[in-house]
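Participant: If you want the building blocks of each chain, they are given just below.
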Amino acid sequence: MREIPGRILILPKPPRENGHPEDCGDSESCAELVKLVDRIHSRETDGLAELYRLFSNSIRFYLCHQLGPQEMNDKVHDTFVIVVEAIQLGELRDASRLMGFVRTVARRQVSLHIDDVVQTRRRQMNLDATVRLADLRRNPEERAIFRQRSELLVRVLGELSNLDRKILTRYYLLEQSVDEICSEMALTETQFRLLKSRAKARFGELGKKKLAERAVVAGCVRISAGVCD
Amino acid sequence: MDTKWRLCSHPDEDLFEDYCFDRLSEQETTMFEEHVLICRQCQKTLASTEDYIAMMKGASLAYAACVKSQRNSAAPPKRSSLGNKSVLS
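From first to last, the protein sequence lines stand for chains A and B. For the record, in the first sequence the residue sitting at position 37 is 37 according to our numbering, with numbers rising by one throughout. For the record, in the second sequence the residue sitting at position 4 is 1004 according to our numbering, with numbers rising by one throughout.
If you are wondering where the hints come from, they were derived from the structure by calculation, not from laboratory data. Just so you know, even glycine gets a beta-carbon here, dropped at the ideal spot from N, CA and C. This list has only true hints and no planted wrong ones.
The calculated SDA-like cross-link candidates involving lysine to any residue, where the alpha carbons are at most 20 Å apart (straight line), are: (1) B:1057 with A:178; (2) B:1057 with A:193; (3) A:209 with B:1052.
Quick look at which bits of chain A chain B covers, simulated, 3 or more residues with Cβ under 8 Å: (4) 91–104; (5) 153–166; (6) 172–186.
Chain A extracted, bound-state conformation (with noise of 0.2 Å):
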């Protein structure tokens, strides 16, 4: 894999929500997770509290991105008691790579969930030829609205100009790298990055204006529909 450095934006510290260590790190906000986990290893009850406080919404979030929404509350819980258990063992050296060690803990879940599934998924194949998979991100009615969109983001497509809609498509459909696209299309990186940008930003003001006026039309037939009755 290639390296890019330079590649990380270093933004302002975004503002505290209700002083939360998790929201942005320092060197303050490590020494509270240092103090946290001497509170876990010495077993006080209100410093697992704190960390369930603080890290089950990421291990959820981290938890359902790599495997959806199945099954996660029993996920996170497992995962936190990993935790929990090795910070009291004294297994977690250097406390300030709390969220390094919660990060392994939930990627060793995740693929030991991807193996169960594996595993069971041949097990029911051997049952049955025909068994599919179910796409369990979204509902039947997440699945019309993104249908819907889709839709609407087609038309914008059509509207974009030749070059854009090549860069677009090119990067997200094709998922051409960036390297593969420069040299196929005689860019530069920062010509690459500009277009994009731009073609993003012309694409972002079209689907705007489109759904503007579908809301327009919608008004418009809701109007004649009152009128009529």
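Fit chain B to the supplied structure of chain A, relying on the hints for placement.
Facilitator: Frame of chain A, contents of chain B only:
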């Protein structure tokens, strides 16, 4: 990479997209995930980036299919409502 990045700043838009396309190195992925694990703002950004990519992929695919079907059905070839443009032309 500066380890302070993990703690003090947010990744830029391109990094979110590279993560979604699995284009980050192991080290970059680790730093990115550790940051996202503790940053609610970046959790939201990641979710919306994934939605954006999925939608753009779906729209590009549908657009390509639309252009193709209009070309196939047109005999003799006519200008389509989408301007008779190919996906990558």
